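Here the protein sequences line up with chains W and R, keeping their order.
The numbering used here puts the first sequence at residues 728 to 840.
The numbering used here puts the second sequence at residues 9 to 119.
Source of the hints: derived by calculation from the structure; they are not laboratory data.
Be aware that a few hints might be false.
With the Cβ distance kept under 8 Å, some of the chain W side facing chain R (calculated, not the full set) [said to hold, decoys possible]:
1. 760
2. 767
3. 769
4. 770
5. 772
6. 775
7. 783
8. 815
9. 817
10. 828
11. 829
12. 831
13. 833
14. 834
Below, in silico cross-link-like pairs of lysine-lysine (BS3-like), each with a Cα-Cα straight-line distance of 30 Å or less [what the hints assert, rightly or not]:
15. W/740 / W/784
16. R/64 / R/77
17. R/34 / R/64
18. R/64 / R/78
19. R/77 / R/34
20. W/784 / R/34
21. R/34 / R/78
22. W/784 / R/77
23. R/77 / W/740
Cβ-Cβ distance ranges computed for the label pairs, FRET-style [stated by the list, open to error]:
24. R/32 / W/789: 27 to 35 Å
25. R/85 / W/744: 47 to 55 Å
26. W/784 / R/58: 33 to 41 Å
27. W/806 / R/61: 17 to 25 Å
28. W/788 / R/119: 42 to 50 Å
29. W/749 / R/13: 31 to 39 Å
Bear in mind that the values here come from a model prediction, so they are computed numbers and not experimental data.
For glycine and all other residues, C-beta sits at the position ideal for the given N, C-alpha and C.
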Amino acid sequence: KAGVTQTPRYLIKTRGQQVTLSCSPISGHRSVSWYQQTPGQGLQFLFEYFSETQRNKGNFPGRFSGRQFSNSRSEMNVSTLELGDSALYLCASSDYRGGTEAFFGQGTRLTVV
Amino acid sequence: SQQGEEDPQALSIQEGENATMNCSYKTSINNLQWYRQNSGRGLVHLILIRSNEREKHSGRLRVTLDTSKKSSSLLITASRAADTASYFCATEGTGANNLFFGTGTRLTVIP
Numbered sequence: 728k729a730g731v732t733q734t735p736r737y738l739i740k741t742r743g744q745q746v747t748l749s750c751s752p753i754s755g756h757r758s759v760s761w762y763q764q765t766p767g768q769g770l771q772f773l774f775e776y777f778s779e780t781q782r783n784k785g786n787f788p789g790r791f792s793g794r795q796f797s798n799s800r801s802e803m804n805v806s807t808l809e810l811g812d813s814a815l816y817l818c819a820s821s822d823y824r825g826g827t828e829a830f831f832g833q834g835t836r837l838t839v840v
Numbered sequence: 009s010q011q012g013e014e015d016p017q018a019l020s021i022q023e024g025e026n027a028t029m030n031c032s033y034k035t036s037i038n039n040l041q042w043y044r045q046n047s048g049r050g051l052v053h054l055i056l057i058r059s060n061e062r063e064k065h066s067g068r069l070r071v072t073l074d075t076s077k078k079s080s081s082l083l084i085t086a087s088r089a090a091d092t093a094s095y096f097c098a099t100e101g102t103g104a105n106n107l108f109f110g111t112g113t114r115l116t117v118i119p
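With these hints in hand, go ahead and build the complete structure from the sequences.
Below, the structure is given as structure tokens:
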């Protein structure tokens, strides 16, 4: 079956703009999580959605938001971009149970200039 | 922060040698998982060990877990050049379905 698909793969934005990233999970997976990876902070958990509801949220400012649709596809939005938001954003899907492996997409590389 | 620490940060070995990476974490966990990442791409799941397990094997991988010390180790035996990657441990806490990742170990296997 198809893996986790993230679009776009690369993105360049200007400070102050906003951006929307998309993630299509593996068919049948209802949990989608988002992570930010930077050289300085490593992999940081942003939020997790399950059945269109945000179940968990990491320690990120309100500029970072997300949503999940009825088909489990998820989007994350970052408003008022800052240079420090430049990162690889990774999406992971898993089935509804905890304690199982997460399947990651290839990520979206966001560069803020 | 609930992020774990990995040790060493970087490891360089010859092909055929064994590689050992260590992970320490801070909170109670449901399970601990190891992932591999090639050059800024997505992460690939390697192995999951539950909190009530002490050791697990998968092919050339051996993982141990010591919940009393809040630590885990990943052993890759008979390493290959293709094993060159970054390796991360990730913990799933109790009552949560998200992962807290360690800082990663950059493994280089020299042919």
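Now for the hints, and whether the structure bears them out:
Interface restraint check: residue 760 of chain W against chain R, minimum CB-CB distance 6 Å, threshold 8 Å, status holds. Residue-level restraint check for residue 767 of chain W is violated (minimum Cβ-Cβ distance to chain R is 11 Å; threshold 8 Å). With its C-beta approaching chain R no nearer than about 5 Å, residue 769 of chain W sits inside the 8 Å limit, and its interface hint holds. Evaluation of the residue 770 of chain W hint against chain R yields a held restraint, the C-beta minimum of about 4 Å falling below 8 Å.
The closest approach between the C-beta of residue 772 of chain W and any C-beta of chain R is roughly 5 Å, which is under the 8 Å cut-off, so the hint is satisfied. Taking 8 Å as the C-beta contact cut-off toward chain R, the hint placing residue 775 of chain W at the interface holds, the least distance being around 5 Å. About 5 Å separates the beta-carbon of residue 783 of chain W from the nearest beta-carbon of chain R, less than 8 Å, and the hint is met. A least Cβ separation of about 6 Å between residue 815 of chain W and chain R falls short of the 8 Å threshold, and the interface hint therefore holds.
Using the Cβ-Cβ criterion of 8 Å, the hint placing residue 817 of chain W at the interface with chain R is satisfied: the shortest such distance is roughly 6 Å. The interface hint given for residue 828 of chain W is met, as the beta carbon of that residue sits about 4 Å from the closest beta carbon of chain R, less than 8 Å. Checking residue 829 of chain W against chain R by beta carbon gives a least distance of about 6 Å; that is within 8 Å, so the hint holds. With a cut of 8 Å, the hint placing residue 831 of chain W at the interface with chain R holds, because the nearest CB-to-CB distance is about 4 Å.
Checking residue 833 of chain W against chain R: minimum C-beta separation of about 5 Å stays under 8 Å; hint holds. The beta carbon of residue 834 of chain W is positioned within 8 Å of a beta carbon in chain R (closest approach about 6 Å), and the interface hint is therefore held. With a C-alpha separation of about 25 Å, the suggested pair residue 740 of chain W and residue 784 of chain W falls inside the 30 Å cut-off, and the hint holds. Between residue 64 of chain R and residue 77 of chain R the CA atoms are separated by roughly 17 Å; this keeps the pair inside 30 Å, and the hint holds.
The suggested pairing of residue 34 of chain R with residue 64 of chain R holds, with an alpha-carbon distance near 21 Å, which does not exceed 30 Å. For the proposed pair residue 64 of chain R and residue 78 of chain R, the alpha carbon gap of about 16 Å is at most 30 Å, so the pair holds. Under the criterion of a C-alpha separation no larger than 30 Å, the hint pairing residue 77 of chain R with residue 34 of chain R is consistent with the structure, at around 10 Å. Taking the CA atoms of residue 784 of chain W and residue 34 of chain R, the gap is about 19 Å. The hint holds against a cut of 30 Å.
Pair hint residue 34 of chain R plus residue 78 of chain R holds up; C-alpha atoms about 7 Å apart against a cutoff of 30 Å. For the proposed pair residue 784 of chain W and residue 77 of chain R, the alpha carbon gap of about 27 Å is at most 30 Å, so the pair holds. Distance hint between residue 77 of chain R and residue 740 of chain W is unfulfilled; the C-alpha atoms sit about 44 Å from each other, more than 30 Å. Distance hint for residue 32 of chain R and residue 789 of chain W: a CB-CB separation of about 32 Å, consistent with the stated range 27 to 35 Å.
A hinted range of 47 to 55 Å for the beta carbons of residue 85 of chain R and residue 744 of chain W is consistent with their spacing of about 48 Å. In this structure the supplied range 33 to 41 Å is violated for residue 784 of chain W paired with residue 58 of chain R, their Cβ-Cβ distance being about 25 Å. The hinted window of 17 to 25 Å between residue 806 of chain W and residue 61 of chain R is violated, with their beta carbons roughly 43 Å apart. The hint said 42 to 50 Å for the Cβ distance between residue 788 of chain W and residue 119 of chain R, and at roughly 45 Å that hint holds.
Checked against the hint of 31 to 39 Å, the pair residue 749 of chain W and residue 13 of chain R passes, with Cβ atoms roughly 33 Å apart.
When held up to the earlier numbered hints, the structure conflicts with 2, 23, 26, 27 and fits the remainder.
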